[in-house]
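**Q** For reference, the chains in residue letters:
Protein chains: 2
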Amino acid sequence: MTVQNDLDRYIEEGKMVTEEKMTNELRNLEIPEQLKQSMLYSIEAGGKRLRPILMMASCGAYSSDRSKVLSTAVALEMIHTYSLIHDDLPAMDNDNLRRGKPTNHKAFDEATAILAGDALLTYSFELITQDSRLTDRQKVFLTGSLSQASGPKGMVAGQILDMDAETKDVTLEELETIHMFKTGELVKFAVKAGAFIGNASAEQLTYLDEFAHYLGLIFQVQDDILDVTGDPEKIGKPVGSDEENEKNTYPRLLGLDGAIEKKHHYVNKAKEALENAGADSSYLMLLTDYFSNREY
Amino acid sequence: MTVQNDLDRYIEEGKMVTEEKMTNELRNLEIPEQLKQSMLYSIEAGGKRLRPILMMASCGAYSSDRSKVLSTAVALEMIHTYSLIHDDLPAMDNDNLRRGKPTNHKAFDEATAILAGDALLTYSFELITQDSRLTDRQKVFLTGSLSQASGPKGMVAGQILDMDAETKDVTLEELETIHMFKTGELVKFAVKAGAFIGNASAEQLTYLDEFAHYLGLIFQVQDDILDVTGDPEKIGKPVGSDEENEKNTYPRLLGLDGAIEKKHHYVNKAKEALENAGADSSYLMLLTDYFSNREY
Numbered sequence: 006m007t008v009q010n011d012l013d014r015y016i017e018e019g020k021m022v023t024e025e026k027m028t029n030e031l032r033n034l035e036i037p038e039q040l041k042q043s044m045l046y047s048i049e050a051g052g053k054r055l056r057p058i059l060m061m062a063s064c065g066a067y068s069s070d071r072s073k074v075l076s077t078a079v080a081l082e083m084i085h086t087y088s089l090i091h092d093d094l095p096a097m098d099n100d101n102l103r104r105g106k107p108t109n110h111k112a113f114d115e116a117t118a119i120l121a122g123d124a125l126l127t128y129s130f131e132l133i134t135q136d137s138r139l140t141d142r143q144k145v146f147l148t149g150s151l152s153q154a155s156g157p158k159g160m161v162a163g164q165i166l167d168m169d170a171e172t173k174d175v176t177l178e179e180l181e182t183i184h185m186f187k188t189g190e191l192v193k194f195a196v197k198a199g200a201f202i203g204n205a206s207a208e209q210l211t212y213l214d215e216f217a218h219y220l221g222l223i224f225q226v227q228d229d230i231l232d233v234t235g236d237p238e239k240i241g242k243p244v245g246s247d248e249e250n251e252k253n254t255y256p257r258l259l260g261l262d263g264a265i266e267k268k269h270h271y272v273n274k275a276k277e278a279l280e281n282a283g284a285d286s287s288y289l290m291l292l293t294d295y296f297s298n299r300e301y
Numbered sequence: 006m007t008v009q010n011d012l013d014r015y016i017e018e019g020k021m022v023t024e025e026k027m028t029n030e031l032r033n034l035e036i037p038e039q040l041k042q043s044m045l046y047s048i049e050a051g052g053k054r055l056r057p058i059l060m061m062a063s064c065g066a067y068s069s070d071r072s073k074v075l076s077t078a079v080a081l082e083m084i085h086t087y088s089l090i091h092d093d094l095p096a097m098d099n100d101n102l103r104r105g106k107p108t109n110h111k112a113f114d115e116a117t118a119i120l121a122g123d124a125l126l127t128y129s130f131e132l133i134t135q136d137s138r139l140t141d142r143q144k145v146f147l148t149g150s151l152s153q154a155s156g157p158k159g160m161v162a163g164q165i166l167d168m169d170a171e172t173k174d175v176t177l178e179e180l181e182t183i184h185m186f187k188t189g190e191l192v193k194f195a196v197k198a199g200a201f202i203g204n205a206s207a208e209q210l211t212y213l214d215e216f217a218h219y220l221g222l223i224f225q226v227q228d229d230i231l232d233v234t235g236d237p238e239k240i241g242k243p244v245g246s247d248e249e250n251e252k253n254t255y256p257r258l259l260g261l262d263g264a265i266e267k268k269h270h271y272v273n274k275a276k277e278a279l280e281n282a283g284a285d286s287s288y289l290m291l292l293t294d295y296f297s298n299r300e301y
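Residue numbers (our numbering), protein chains in the order written: chain S, 6 to 301; chain Y, 6 to 301.
Possibly wrong hints are sitting among the right ones.
Given that identical chains are not distinguished, each listed pair holds provided it fits within a single copy or across any two copies.
Unchecked claim - Result set (PhoX-like, lysine-lysine): computed pairs, CA atoms no more than 25 Å apart in a straight line:
#	residue 1	residue 2
1	LYS73	LYS274
2	LYS276	LYS106
3	LYS239	LYS20
4	LYS106	LYS239
5	LYS41	LYS173
6	LYS26	LYS73
7	LYS173	LYS111
8	LYS73	LYS173
9	LYS274	LYS106
10	LYS276	LYS53
11	LYS242	LYS276
12	LYS276	LYS239
13	LYS20	LYS73
14	LYS111	LYS274
15	LYS53	LYS41
16	LYS106	LYS252
17	LYS41	LYS276
18	LYS242	LYS20
19	LYS53	LYS26
20	LYS242	LYS111
21	LYS239	LYS274
22	LYS239	LYS252
23	LYS20	LYS252
Simulated from the structure, these hints should not be mistaken for laboratory data. If you're wondering where the values come from, they're calculated on a predicted model, not measured in any experiment.
All chains, full assembly: derive it from the sequences and hints.
**A** Here it is, written out as structure tokens:
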């Protein structure tokens, strides 16, 4: 098997177990049908499931048993999904489509979409606390880190900064601050939680935090680059929409070549940190290139 | 000191320590200013703080040190506050005023209000996990129970059922189901969490659960009664607004006398359960009458 085939299979498998677990958990909930359907709708609307896959790879770098991360990986993906539902609302980005399908508030209604988001967020904490394979100490670390990463010090801060920045020009530093909060904190949580469950040491976790920091930035630079050079079929939206919407992006601030150069710099930094993290990090290395070169 | 004075002082003190802790926690957060201000706005907009006071009384029934519940009490009040912010949104109840002040989305904007609610909900879990006075076992129980009580199996279920019921007539049984989810689960959490932190036994917790069940219902019947017989000055809204809005209420289904009778029945059941819970429950007894007779 080639390395590429192996990675593809690894990603596909991670996606599958994540989706199966998410769907099962939600289907088995005894809750009002309208609420269940709207939660399931957004969870089953697809997605790359990169955060759960990253968490599995991070755990696998330190432990042969990756399956222990599953409920935490699902909790993280549910929080990511809730953030998309609320982001799409008329009062926020006012999007009618996501991944080619009507957004939650279009398929249901605004009130239901708000509540489905609230429910996914809240349920994610329940999922972790009820996992019998985790110790109390692990549960406290995981729920504590997840609430920090997704709350007012993390993702929600990023969303409010992002809204604020829409109406003005920002510096590269400001742009990166927004990204670090809005998407970086959850990427960091994915890496940190996986390694923690895999029993990485405190020193290893510090290097992984640095790795995840650069990985989050790579993810964002590539997003911006794809909006310039991508295939509209693959990225699922017209090319050039960022420029049209005058969004602050890496190519806008650095030019396309500058953005690509920046990305390569971050890839090197990420791999350097990973080497210091002393682990069997082959899948994390491969995923770094995958994040950097992805076409959608 | 008379019993009434003593209870008044007890309530006032519980309110004060809750409000002081909430404000301090939020003021000390290093987060974007707009987000902080909108979270503080709703937290400082007043409120009876009945849930935190109830949690303190429940802890005090089993332990001489009530102060250990404080972060959990604050977390619960933050979740209650988030639910009001989201409830008031245009897509939900579309209310412009709460407690005589502009609702969060009126004072700020809709996007900020949605995010302030999300942030309060998420931060409440962080608060509990970071309390150095609680053991890991306690934190897991508390975050797990709180997410259950406030998520899709609890409060959020109640909100979606309530929305659904607005457009039709419901039976008394259906009405009580909605209330048990929408407000009852958080009342139950308040009682259960307090007693748990106070080291009540599993058997005692079962009786307290029954007590809290009736207490939640008492709270709701009295709310409905006040809408008929209350003083508009004290309840902060015109009398008869439920009837005008054709809301499903106890007086509507049972008549005013029937509703009052129902309430007294619940008070007896609550006190009976409390007596079985084997504790120094004098404040819980007093609070039961207080809930039942409150004028606002």
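**Q** Identify every previously stated hint that the structure contradicts and give their numbers, smallest first.
**A** Violated: hints 1, 2, 8, 9, 11, 12, 14, 17, 21 and 23.
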